[in-house]
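For this one, chain Z is given, so just place chain G on it according to the hints.
So you can see what is in the structure, the chains are spelled out below.
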Amino acid sequence: MMQDTPPDEVEPDEEGEPVRLTRRELLRAGALSAAGLAAAGGALALPVRGAGQGVLADTPAVGHPAHGDHDVVRGGHGSHADMMAVGELAPGGFDPTAFLTRFDGGKVSRLPSGQTLREYEMVASEVEIEVAPGVIFPAWAYNGQVPGPTIRCTEGDRVRVRFVNGSTHPHTIHFHGVHAAGMDGAFEMVQPGGQFTYEFDAEPFGLHLYHCHAVPLKRHIHKGLYGVFLVDPPQGRPPARELVMVMNGFDTNFDGKNEVYAVNTVAHHFQKHPIVVRVGETVRLYVVNITEFDLINSFHLHGNFFRSYRTGTDLERFELTDTVMLCQGERAVLEFTYRFPGPYLFHAHQSEFVELGWTGIFDVHGGADGA
Amino acid sequence: MARDAAPAAAKPARVGWRPWAAGLGPLLLLVALVAAFLRFGPVGVLRKPFPPVEELTIERIAFPHPGELRVRVVNGGPEPSTVAQVLVDDAVWRHELDGGRTIGRLDGRTITVPYPWVEGEPLTVTLVTATGLTFSAEVPVATETPAVGRRYLATFALLGVYAGVVPVFLGLLWLPFLRGLSRRWIDFFLSLTVGLLVFLGVEALAEALEVAGRVSAAFQGTALVLLGVAGTWLALAALGQRRAGKGGAHTPSDVAMLIALGIGLHNLGEGLAIGTSYATGEIALGTFLVVGFLIHNTTEGLGIVAPIARERTPLRRLLLLGALAGLPTVLGAWIGGFSYSPLWTTLFLAVGVGAIAQVVVQLWKLFAREPGGGLTSPLNTAGLLLGMAIMYATGLLVAG
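Protein chains in written order, with numbering that gives the first Met the number 0: chain Z, 0 to 370; chain G, 0 to 399.
With a straight-line Cα cutoff of 20 Å, these simulated EDC-like cross-link-like pairs (lysine to aspartate or glutamate) come out:
#	chain 1	residue 1	chain 2	residue 2
1	Z	Lys-256	G	Asp-88
2	Z	Lys-106	Z	Glu-198
3	Z	Lys-256	G	Asp-89
Since the hints were derived computationally from the structure, they do not count as laboratory data.
Chain Z with its partners taken away, still in its complex shape (with noise of 0.2 Å):
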């Protein structure tokens, strides 16, 4: 997946490829063929983006893989260790595991008919982000995030959002909702410098998103502006651990291809950093999927089962399943309690998103003498 497509922007400049000896070019050569490449490999150099560059502290050389929070992860070839991002975050930057439970209400007040009125700001700026350990991505992002912050209210609330463009190309936010023509965010282009409020009435409840939607649109959407906006039921949903996972991916070298996948932004990060539930508790997932250049994304959990309630926007029918697909920009609420403790993969059940980042741990604790 990473083979070397022109990016649009640079032409590159050298071009290895893979180099496959015959008999006839080393007699041809009668002197060093191709052959040497064989184990010298062709060096494969692909040329530059014209963005932000990463400043990066000399990390140390020596990388083991972080055990995380817990100590789960088994070790021994061939064993999940191995198969992971080496090095830690720098600190101080974006925590993919806060975002998993921050929800943003905005400013709450009352209109005067009685409808809650829920404004927000959100800014969108050219910030560089850290994707993997050491790799810096320079990123288009909402609020110097990404994803954005998660949109939270209720259906019916009546929803507010100055936007302001403090980036140097056009954006927009375009909600997905029912709303009219002029607030969804497809045709009037924010300019840099510019701002727009978009305001609508929340609905249907269920589990959405935004994104820009500017053109040329893989570019506006996979440099991170996006994030989830979750409208919930006017009666709410029953008590659970309720956690945000948005699948995504960076194409870091600009060849149209990601080089890094993730749920919320950090390649490897809940596989070192697994997430804790307790045996029996009610988890619910809410799992939006803004994957750019691949067509689709998935969710797989291990040992266990869960109820996938498509869009969120219907709390009966559910299907009982354990892998759940997603097109982009398709997203699902699941719900399931673990029985048994202990560490439980989740994942894409593409094997070569779950290769470059997208997989993550659920550790599972309690309920050990009782389960």
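Here is chain G on its own, set in the frame of chain Z:
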């Protein structure tokens, strides 16, 4: 300054420190200017906000034992580059570097990756730098890299003996046959030798340029070829001039030695190729391939003895000639088998080209000294073309 220096140099009696100081002047200014740039940075216009082009070159991927691979990477870019992650076949993998993650310009690192590679299957290693760029190299066939030891030393030596030493000595056995020929026919075989050499030279030059393309750009592979070819050519010419005295022409025996040297250097390159391919599982040295090399390289021995057909040559000297031409194959097989670097390979090949070019010129001169004929007489032209044709045809034997 130059005007001051010239007359001073013309009169050696008055040479003092002044002309040298004058020569150093521009150099000192250059040093001062570079220091100023390094200290204060270049004029603003030269700087751009985006990162400089990074250029990491993976020079070699070795498989020391099952479950581990070693990647040799060189930074040929203008700025230091930081290796942030390593992917093997598109999977992020644990790894260790033998130094800091940031690799300075023209510096290198060896990266050890505990990866369960599969014998006989291809594999791609990708380095992801801090800026998200990727640099990949593919190994067509993963196979355990030979460790220096008695077993592999012997294996590679045997390979070299088969491919280089045996055929050259076989070719030398044509000497009695050549002795029995008239001068006309000896000239024919000399022309044939020129044909062989031209073929080998062109082959080696093409190869040198090809490998040069894989040398990390900072090391300028093509320029290395030029240095190797021209340097060797000039060095051999100067050496020949000293030996030949005022005349400048070589004796037939010298020419034979030169031919042996040129072929030896060429065989060193051939040994490199064989050793590397064998070590990386790219060739199984089948019967057919051995036979091909035998036939192909036997003609080289003929080339060595053609100029000395009418000389009295002691056996010891003949053995020396054979060793000079054949043994480098063994050396090459060792180097190619145990360690490979595109940079050194380019240089070796270029040196071989320079030597062969020099040999061709000397042979030409040998002809020029003789009355009548020369390379353009019908018989000799036929020999020259036949020489190339033989190399081409026997080359087909080794083609797969």
